[in-house]
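Novice: Please put together the full structure from these sequences, using the hints given.
Number of protein chains: 2
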Amino acid sequence: MAIRVVTELREMQKIADDLRASGKRIGVVPTMGFLHEGHLSLMRIARKHSDFVITTLFVNPTQFGPKEDFARYPRDFERDRRLAEEAGSDVLFMPTTEDIYPAGYATFVNVEGITDLLEGKSRPGHFRGVATVVAKLFNITKPHVAVFGQKDAQQAAVIRQMTRDLNFDIQIIVAPIVREADGLAMSSRNSYLSSQQRKEAVVLFESLRLAEKRIAEGVVESSAMREEMARHMTKFSAGEIDYISIADHETLSELDQMSKGKTVLISMAVRFGTTRLIDNIVVKV
Amino acid sequence: MAIRVVTELREMQKIADDLRASGKRIGVVPTMGFLHEGHLSLMRIARKHSDFVITTLFVNPTQFGPKEDFARYPRDFERDRRLAEEAGSDVLFMPTTEDIYPAGYATFVNVEGITDLLEGKSRPGHFRGVATVVAKLFNITKPHVAVFGQKDAQQAAVIRQMTRDLNFDIQIIVAPIVREADGLAMSSRNSYLSSQQRKEAVVLFESLRLAEKRIAEGVVESSAMREEMARHMTKFSAGEIDYISIADHETLSELDQMSKGKTVLISMAVRFGTTRLIDNIVVKV
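Going down the list, the sequences are from chains A and B.
When we follow the numbering used here, the leftmost residue of the first sequence carries the number 36, and every step to the right adds one.
When we follow the numbering used here, the leftmost residue of the second sequence carries the number 36, and every step to the right adds one.
Note that these hints are calculated values from the structure, not bench results.
Mixed in with the good hints there might be a few duds.
Said to hold, decoys possible - With a cut-off of at most 20 Å between alpha-carbon atoms, the simulated DMTMM-like pairs for lysine to aspartate or glutamate come out as follows:
| hint | chain 1 | residue 1 | chain 2 | residue 2 |
| --- | --- | --- | --- | --- |
| 1 | A | Lys-59 | B | Asp-53 |
| 2 | A | Lys-319 | A | Glu-241 |
| 3 | A | Lys-49 | B | Glu-215 |
| 4 | A | Lys-49 | B | Asp-53 |
| 5 | B | Lys-59 | A | Asp-52 |
| 6 | B | Lys-156 | B | Asp-52 |
| 7 | A | Lys-59 | B | Glu-215 |
| 8 | A | Lys-59 | B | Asp-52 |
| 9 | B | Lys-49 | A | Glu-241 |
| 10 | B | Lys-186 | B | Asp-204 |
| 11 | B | Lys-59 | A | Asp-111 |
| 12 | A | Lys-49 | B | Asp-52 |
As the list claims (entries may be wrong) - Partial chain A-side listing against chain B, Cβ under 7 Å, derived:
| hint | residue |
| --- | --- |
| 13 | Asn-145 |
| 14 | Glu-147 |
| 15 | Ala-170 |
| 16 | Lys-171 |
| 17 | Asp-204 |
| 18 | Gln-206 |
| 19 | Ser-230 |
Because the structure is a prediction, the values reported are computed rather than measured.
We put the CB at the ideal spot given by N, CA and C, even for glycine.
Specialist: Quick look at the structure:
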């Protein structure tokens, strides 16, 4: 069936109400559009866990910093519509900024603690924007299940915490990272890269693989490993490292030692010119 | 039918889901218990607008300041249960503090702007606690309609704003203040008053009536009227005035002049010993 494009908030809520009244399970996949295989994998997972899949497409201004790429964030509606339809979405919900943040808008959702670290530290206010818009999208699409990507590992943790804390009756699924053939994590922002940068960008994944190997070999000191990862990236690319983090995968607090049995989130942000890429891997020590 | 007492969050969500699945309309009345005629009027209004009324009873620690009356806030469960039942509530939802704020709790809802004024100014953090717990109770009880009292005029404004901003698909009804025979607004905190304080406490309503009379007579200067109200209260009681506000009834911003056609919220907070009372009136100039 052809995908239905919905822009009105009330109409979206009415569709959700009608689906729920007829006993249907709703799955939602929040995106900022410019869809790639990563997003499509989320839709396919949502499909498996629900009867009706709503993909939301909203480039959310409140999660961009004043010097970030909100204005130039890539957009391609016709392509997105086709891809979302092919991946099994029933509705593409595409609200306007004016409807999401009308004049006099004043309410924000803050998840404290974990939002001060990593991406939150580098991008102040980012997760306040994310948590707020996701809470809103939950209330507009009324899903039973929502699917997010592990690519944004900290975002997934923030949304899990918010969902639990605010008692949203929604199952959160976090889906594995989808990568290009050479290992680069798929991202809408990859489209910003020059061909040289694109080639070099594989150093993120390479350094994560290197870390995984070192852990298997018994390396326990985080600082030594972080330095080795940084050396690799600096040697084989012009990328400027924003952070490399070796943290507890739940609390996201930094670990000096990777002790046996721990599940560790190794994550990083690296700038190639004005393009900022992130990647991560979860390793059981 | 006997009222059902529910303490488990998941059980409450399940009841709400089943009601919705069978096409029933849910009304919710959030309270901190120690019910009086004011609360009961809210339940009767909820009854009129829904098929099933959930009264919540939770003394919410996050909306009390460190020096406020959380520990001594009055409690009388057996009486509350009987009164809620008589007023037509179907469920009394009474969660534990540990279930509402489990270990590691970290998420707060902030309504900016109007929460900095009046009660928010006198009670920093109060409305953050209110907005957060109401968002949670909305997600747990899944109502179609929620009823709040005009007694807490600013709270009603904050909840309206939050409901609109976060796209909660819930109708908010604000019900008129219920007063004692002498005009004192009903409040669970009235039980703190000594018999002398109780007699004097009528000055709040008297000064509001005085203001209403002066507006009818054509007084337009807010400062003159505020002074007259303060004089009345100081002359006939030992109450210490926290604030007297003459504000736009929607934005809550203070008005120097009460111009014709304006709808004005006149509100106040007054301390009698350690007991803090509030009252208000809305006047169309």
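Novice: For every hint, state whether the structure bears it out.
Specialist: Quick rundown of the hints versus the structure:
At most 20 Å may separate the alpha-carbon atoms for a hinted pair to count; Lys-59 of chain A and Asp-53 of chain B meet this at roughly 14 Å. Of the pairs offered as hints, the one joining Lys-319 of chain A and Glu-241 of chain A holds, with about 18 Å between alpha carbons and a cut-off of 20 Å not exceeded. For the hint pairing Lys-49 of chain A with Glu-215 of chain B, the CA-to-CA distance comes to about 43 Å; that exceeds 20 Å, so the pair is violated. Annotation: proposed proximity of Lys-49 of chain A to Asp-53 of chain B holds, straight-line Cα distance about 19 Å (limit 20 Å).
For the given pair, Lys-59 of chain B sits about 13 Å from Asp-52 of chain A by alpha-carbon distance, which is consistent with the 20 Å threshold. Between the alpha carbons of Lys-156 of chain B and Asp-52 of chain B the distance comes to roughly 39 Å, so the proposed pair goes past 20 Å and is violated. The hinted pair formed by Lys-59 of chain A and Glu-215 of chain B fails the criterion: a straight-line CA distance of about 50 Å is larger than 20 Å. This hinted pair checks out: Lys-59 of chain A and Asp-52 of chain B have alpha carbons roughly 13 Å apart, not beyond 20 Å.
With a C-alpha separation of about 47 Å, the suggested pairing of Lys-49 of chain B with Glu-241 of chain A is violated against the 20 Å cut-off. For the hint linking Lys-186 of chain B to Asp-204 of chain B, the alpha-carbon distance of about 24 Å lies beyond 20 Å, and the restraint is violated. Our distance criterion of 20 Å between C-alpha atoms is broken by Lys-59 of chain B and Asp-111 of chain A, whose separation comes to about 42 Å. A hinted pair counts as satisfied when its Cα atoms are at most 20 Å apart, and Lys-49 of chain A with Asp-52 of chain B qualifies at roughly 17 Å.
Here the hint on Asn-145 of chain A is kept, as its CB sits about 5 Å from the closest CB of chain B, short of 7 Å. Contact between Glu-147 of chain A and chain B, as hinted, is supported at the beta carbon level, the nearest pair being about 5 Å apart and thus within 7 Å. Against a cut-off of 7 Å between C-beta atoms, the interface hint on Ala-170 of chain A holds, since the closest Cβ of chain B lies about 6 Å away. Checking Lys-171 of chain A against chain B by beta carbon gives a least distance of about 5 Å; that is within 7 Å, so the hint holds.
The criterion of a C-beta within 7 Å of any C-beta in chain B is met by Asp-204 of chain A, whose closest approach is roughly 5 Å, and the hint holds. Because the beta carbon of Gln-206 of chain A sits about 13 Å from the nearest beta carbon in chain B, more than 7 Å, this interface hint is broken. The interface hint given for Ser-230 of chain A is violated, since its Cβ lies 43 Å from the closest Cβ of chain B, which is over the 7 Å cut-off.
Consistency note: the structure conflicts with the earlier hints numbered 3, 6, 7, 9, 10, 11, 18 and 19.
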